Amino acid sequence: MADESLYQEIILDHYRNPHHKGLRDPYDVEVHHVNPTCGDEVTLRVRVADGVVSDVSYDGQGCSISQASTSVMTDLVIGRAVDEAMKTSEAFLALMQSRGQLEPDEDVLEDGIAFAGVSRYPARVKCALLGWMAWKDATAQAVAASSGGAA
Amino acid sequence: MADESLYQEIILDHYRNPHHKGLRDPYDVEVHHVNPTCGDEVTLRVRVADGVVSDVSYDGQGCSISQASTSVMTDLVIGRAVDEAMKTSEAFLALMQSRGQLEPDEDVLEDGIAFAGVSRYPARVKCALLGWMAWKDATAQAVAASSGGAA
Amino acid sequence: MTALVDAGLAPYDVEVVRADFPVLARTVSGHPLVYLDNASSSQKPRQVLDAEREFVEQHYSNVHRGVHTLSQEATDAYEAARTTVATFLGASDPHEVVFTKNATEAYNLVAYSFGNAAAGSRFSVGPGDEVCVTEMEHHSNLVPWQMLCERTGATLRWIPLTDDGRLDLTDLDTLVNERTKVLAFVHVSNILGTENPVDVLVARAREVGAFTLLDGAQSAPHQVVDVQRLGVDFFVLTGHKMLAPSGVGVLWGRKELLDAMPPFLGGGSMIEVVQMSGSTYAPAPERFEAGTPVISQAVALAAACDYLSALGLDRVAAHEQALTGRLLDGLHALDGVSVIGPATTESRGAAVSFAIEGVHPHDIGQSLDELGIAVRVGHHCAAPVCRRYGVPATTRASSYLYNTAGEVDALLEGIATVQRFWRR
Amino acid sequence: MTALVDAGLAPYDVEVVRADFPVLARTVSGHPLVYLDNASSSQKPRQVLDAEREFVEQHYSNVHRGVHTLSQEATDAYEAARTTVATFLGASDPHEVVFTKNATEAYNLVAYSFGNAAAGSRFSVGPGDEVCVTEMEHHSNLVPWQMLCERTGATLRWIPLTDDGRLDLTDLDTLVNERTKVLAFVHVSNILGTENPVDVLVARAREVGAFTLLDGAQSAPHQVVDVQRLGVDFFVLTGHKMLAPSGVGVLWGRKELLDAMPPFLGGGSMIEVVQMSGSTYAPAPERFEAGTPVISQAVALAAACDYLSALGLDRVAAHEQALTGRLLDGLHALDGVSVIGPATTESRGAAVSFAIEGVHPHDIGQSLDELGIAVRVGHHCAAPVCRRYGVPATTRASSYLYNTAGEVDALLEGIATVQRFWRR
Ligand SMILES: Cc1ncc(COP(=O)(O)O)c(C=O)c1O
Ligand SMILES: Cc1ncc(COP(=O)(O)O)c(C=O)c1O
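Quick note, the sequences are listed as chains A, B, C and D, same order. Residue 70 in numbering that gives the first Met the number 0 is what sits at position 71 of the first sequence, and the numbering runs on without skipping anything. Residue 109 in numbering that gives the first Met the number 0 is what sits at position 110 of the second sequence, and the numbering runs on without skipping anything. Residue 395 in numbering that gives the first Met the number 0 is what sits at position 396 of the third sequence, and the numbering runs on without skipping anything. Residue 298 in numbering that gives the first Met the number 0 is what sits at position 299 of the fourth sequence, and the numbering runs on without skipping anything.
There's no promise every hint is true.
What the hints assert, rightly or not - With a straight-line Cα cutoff of 30 Å, these simulated BS3-like cross-link-like pairs (lysine-lysine) come out:
1) Lys86(B) <-> Lys20(B)
2) Lys20(A) <-> Lys125(A)
3) Lys86(A) <-> Lys20(A)
4) Lys86(A) <-> Lys254(D)
5) Lys125(B) <-> Lys86(B)
6) Lys254(D) <-> Lys125(A)
7) Lys125(A) <-> Lys86(A)
8) Lys20(B) <-> Lys125(B)
9) Lys254(C) <-> Lys86(B)
10) Lys125(B) <-> Lys254(C)
Since the hints were derived computationally from the structure, they do not count as laboratory data. The structure presented is a predicted model; accordingly, all values stated were derived computationally and were not measured.
Produce the complete structure using the sequences and hints provided.
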């Protein structure tokens, strides 16, 4: 029954076996984001060390799309330089806003390319972005705090 | 060009040569009524003596319908017992609200029957009623004042 | 059915009804469309669209202020629509019907009008006063009262829910008390399906002199409503849920109240005398219909009322109850599926919310859409209800006069398919 | 015309345009309909009605909250309509377009939102603050500000009129001053036809930091509007005067303002998180679109914008200006007829008010109707203007893109006939 373009196997895999799930210590910042239209929520922790996203952990409830995209996100940002990870996040955002018009770059988005089809379902785009937006928020706070501390 | 049913000769006659027009003394009550949708207005005086409408005088500006119907009204109420005049006024009101469905009684309404066609033009009904409503208001006040005095 | 035949009525022929709705012939994802999102908005029959179009193509003009023929015809059609709606609601006077753009505007109209009342007026709301709603209100009959209380310093109270999706009236006498100015509550819940005991609530409100407003957005499309028998002060409906286009709703209110309430929206047509330094206002309904009204939408709503009346709302209600019973029975029989709201058709409408263990409502909705089945997922503008029952959202199927037993079965099969897919 | 041909455009063929409007084939009182009541409301072309119907028959559902196919299609159509309107107005961001039920709701939206602002907020209005309008405002852009001032204790001021129907700007700097919170004024007057000098008024408002709201109800249908070039903060239009159905209007506002302003109507879709104890609100435009929006009406309005754009508003404006000039010349040539408003086509729109000596406007309108000619008589929701010029009411003829020189001539002849009849 699956509409191939939306529920890709990659998405279902991440949904059933999410990566890096569960809240862990140590962390710099914890945020809680909610998608008010569907009640999905995520609590997410970020640790940034030496300009690198050293860990991201999370917990929450949500649909397959939001859960899988958060899982994919952790794969794409953990261990990366903050700048680089932010670029990846921009690329994912652009893909989600493309309404099916953008060809995703597998080198940049890896498993994230499975979400290309989601962009054709505007009602689901917010689901796919929930974890990413939480990460971006938390990371920006962590960076601000550490640079504030350095100043 | 005249639509026979609206601009009857009787109406045009009263419009061009209004009866009892001009404000006169003596009077018991003066009222000022306005039709807010078109700006028509009438100032009207009533004198009631021994239960009889002994005089009605008026001045104002308005369309042919409102001017003519006020003129016809004065013919129908001056010299009549208040009760009787009020009944005539009810009959005219009923005719105006009939949307062309009522056959007017010439014995009661005399020249007023010329307004039967107006009832089919809801936008003009208020015009035809302006003078009547002013008269009713003033007369009710005059009666109340005199009975108040008698009590 | 037997009762209908006994009453001399032709049996309800749903296929004849369906033929009036062009969209029902559509396919979605390669399947015939099964439209079960009626609590959100209904489809429109040709008769309604034709009536609106004939009006717009031949008799359209602005209303109320003109002497030319088209403006008379348009005014007549608009006022005739008011009379039709009044009759549909059992109102004694067409002037008790105010056309709004939707139900939401109607609640806001009352809340803002009360908020505009001078201190000491019978309508004024201030510190120490209370407004009472229920925990199952649609946001549209909740947020306007929250905002009113915030503006005026009044206190908002609410009647809580029982575990089986009904109002918990244990503390009714405390919640609705001498300080209560308004008791605003939903007739039939759009998320739980619950039909509330109007008589009990109105009786209590009367004891304490509170105004009552009944949200009929989910009742008027589905059952005979008689505002006088209901005994409320205000009743609200919205056209798009009852075969009419979007863009039209109705506030019914007792004439005596509407004429005395302060105005809400200011502008053309609601005035009497306008001077730069201040204005006076027309009586109801004009007082509450500022600006060019929703003319052709009102005409269409009247056509929708005529359509429903011709079909017979009693027959429609019986048809829907049969479908709702079938759906509830089917859901109860499925493992891992739970109904949120009353379990039987007793005092309930056609909206049925449910949860499937282990599958998120978004995924249920999307997967059903791939089978051509349109249901709504989310909080259905009743987030407090989701919170109350500990779910982030629900999946809601809601049938209407054109749905069939076969469609209910398709949904039940669809749910089984969803379960198989998502439990792999 | 030469200019248009030079620009490579086909000459404006009014007969082709007329064929799109079914009602124009009607007769009234046995005469071909001459519809000159466009300032009150316009007729609707087939293209607009067809677009709305196709949408309702094939893609209709409630918007914004659903994952099923129809709700996606409906949401796409509704949001595409927003984008079309934004482009039509030269707005940089579709989120600056708020759909309302008419223009009147839009003024009230801004006035109530400001009234809801906490003291000290940049939007709040209170004692000592001023709102400035003009003496030629439509009641809809006057009464909401009167009501706001009454609620908040602010003071209403107004720019007076000159004898020839223009704003008297002598005291502009006093009337719009450091205390002025809002300057709300009409772009093109519906009763006088006057087009106001937006640049002068906006410049003064900016000097003192007042918000500007431009009433474009009579400009948007007739000329190219570019909200960014106009430099105002808010711009309002109403669909029914520009080929769209009744039931839809637009508030355009700078995004930064709309996102910061307090909400007006409370209800579904305008919220973020709703708890019984209080709610938070969505950003614009959702914040100001509570409840089910005017979905199919917005789709129809977009089709109307497309129709106007395809025809070319510059060409429409040139066509109308020719008609207006012809009418003004004709009226000036008639004995006993006087124009109320600017005497030439210089900075003026297509609405022309006039008086016939010795004949009341009601009788003029009725007599013209007997010749099939539809004009509007009354105060045109601008009673202070009538008072200013010492008339109880006016007769107003207003042409639009489908009117012809022949129709203007028919009106002029009609006026002569009216004079003969009423002077007997
Ligand atoms: C100049 C002007 N402003 C505002 C309005 C109000 O528009 P609406 O009645 O559609 O709200 C009108 C028309 O009635 C108008 O001509
Ligand atoms: C119970 C209930 N009340 C109010 C509303 C609001 O109706 P509208 O969105 O048409 O204003 C709805 C539907 O959305 C509803 O289901």
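Hint by hint, which ones does this structure get wrong, listed from lowest number up?
Checked against the structure, no hint fails, so every one of them is satisfied.
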